[in-house]
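*Asks:* One letter stands for each residue in the lines below.
Number of protein chains: 2
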Amino acid sequence: MADSGRGPGRPRDTTINERALAATRELLVQRGFEATTIQSVAEHAGVHASALYRRWPSRIELIAEATFPGLDQRAVEPTGDLRGDLHRFVRAYVATFTAPAARAAAAGLLAHNQTSSRPRPPELNLRVSARPRFQDILRAAPPGSVDPTVDPDDVFDMLLGAILTRVLLPAATARRTPVERTVDMIMRLLAPTGGEGH
Amino acid sequence: MADSGRGPGRPRDTTINERALAATRELLVQRGFEATTIQSVAEHAGVHASALYRRWPSRIELIAEATFPGLDQRAVEPTGDLRGDLHRFVRAYVATFTAPAARAAAAGLLAHNQTSSRPRPPELNLRVSARPRFQDILRAAPPGSVDPTVDPDDVFDMLLGAILTRVLLPAATARRTPVERTVDMIMRLLAPTGGEGH
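Keeping their order, the protein sequence lines are chains A and B. If you're matching positions, the first sequence starts at 5 in the working numbering and goes up one per residue. If you're matching positions, the second sequence starts at 5 in the working numbering and goes up one per residue.
Next up, chain A with everything else stripped away, as it sits in the complex:
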């Protein structure tokens, strides 16, 4: 009620969302996950904490939205070139996870999940929105280039795992150019095998 009111009819201040999300990302990078509270975001963004609580139930949802907003649709629009499309998809996915604020938040969000009894952890939003984009890419691939017997969900899970590992255990994967290696692995999973995979 009090966070806006610039004129007649109390227009909702639509900039609060953007300011809060930007302030959240800044605090995550500057002070870390634990220090990024609703109160500290409110102070940093110059808004009332009550305005944030009206938009996000807790700092967890706020941090999840600020750091994992979903893939850029333009970056993952399929062209029909399977390898090229996968390459852009993996790069966009990795970029989301390795942005400084996301890197600062990822492990904390996962730790919260482990102890939370919520049925649907907030940071799964990205996973959910990325999965159909991955399937769009496979559907756009030339006939015969994707084995029809392989489950796209299984391959997507492997890709998600490769990206999570890169983000959470950087020492394990820093030894080489990661995107091309991951694309190679995904191409192998998708390739028709002539019955080798039984």
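In short, the hints are calculated from the structure, not lab data. For every residue, glycine included, the Cβ atom is placed at its ideal position computed from N, Cα and C. Watch out, some of these pointers could steer you wrong.
[Claimed, not checked] Which residues of chain A face chain B? A partial, calculated answer using Cβ under 8 Å:
| id | residue |
| --- | --- |
| 1 | 114 |
| 2 | 142 |
| 3 | 162 |
| 4 | 165 |
| 5 | 185 |
| 6 | 189 |
| 7 | 192 |
[As the list claims (entries may be wrong)] Using C-beta positions, here's what the derived DEER-type ranges look like:
| id | chain 1 | residue 1 | chain 2 | residue 2 | range |
| --- | --- | --- | --- | --- | --- |
| 8 | A | 53 | B | 62 | 30 to 38 Å |
| 9 | B | 136 | A | 73 | 35 to 43 Å |
| 10 | B | 155 | A | 41 | 42 to 50 Å |
| 11 | B | 146 | A | 39 | 50 to 58 Å |
Keeping the supplied structure of chain A fixed, place chain B upon it in accordance with the hints.
*Replies:* Below, chain B alone, put in the same frame as chain A:
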């Protein structure tokens, strides 16, 4: 000096290690990662905190050793049956990560890594010891069953990712029988492709 002394020559109390590791696992399950401190482990195990500090530099190393002790060698000894060996390997690996204490500790250890400047995070021990076991299995496979052009390290990274994802994002992978699916994916990665994977 004072933590042992049952007889002449002050024999080191070798049970302290085991008692501390067991107490650590119990506290992780009962009270969670944050509450599992050197002091609380010392009280729970009935030993002096100083005896623990002589063995582990901090609670992080203690928790890592208690929860990720390495794979059971007998469970991953290769027999030459590639699919069967991979199945036992994945089961042993998943069992390590999904033990209640490991599940309670995994995200906290990863979160610690993200903020720690240590060059070598302690929980990578398991990864390091599992990687050569995986390579042993590939070496024991019948000739022609593993594509010589595929890098075992790349395949192992994919397997590690699949297991991490299952542990950290259980909602993402609970929908099916996981071990067999993961083994299928690894078999596809290893299978000779006749040049499809270029």
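*Asks:* Does each hint hold? Answer for all of them.
*Replies:* Here is what the structure says about each hint:
no.: 1; hint: 114; verdict: holds (5 Å)
no.: 2; hint: 142; verdict: violated (15 Å)
no.: 3; hint: 162; verdict: holds (5 Å)
no.: 4; hint: 165; verdict: holds (3 Å)
no.: 5; hint: 185; verdict: holds (6 Å)
no.: 6; hint: 189; verdict: holds (5 Å)
no.: 7; hint: 192; verdict: holds (5 Å)
no.: 8; hint: 53(A) - 62(B): 30 to 38 Å; verdict: holds (35 Å)
no.: 9; hint: 136(B) - 73(A): 35 to 43 Å; verdict: holds (40 Å)
no.: 10; hint: 155(B) - 41(A): 42 to 50 Å; verdict: holds (44 Å)
no.: 11; hint: 146(B) - 39(A): 50 to 58 Å; verdict: holds (55 Å)
This entry does not satisfy hint 2, going by the numbered hints stated previously; all others are met.
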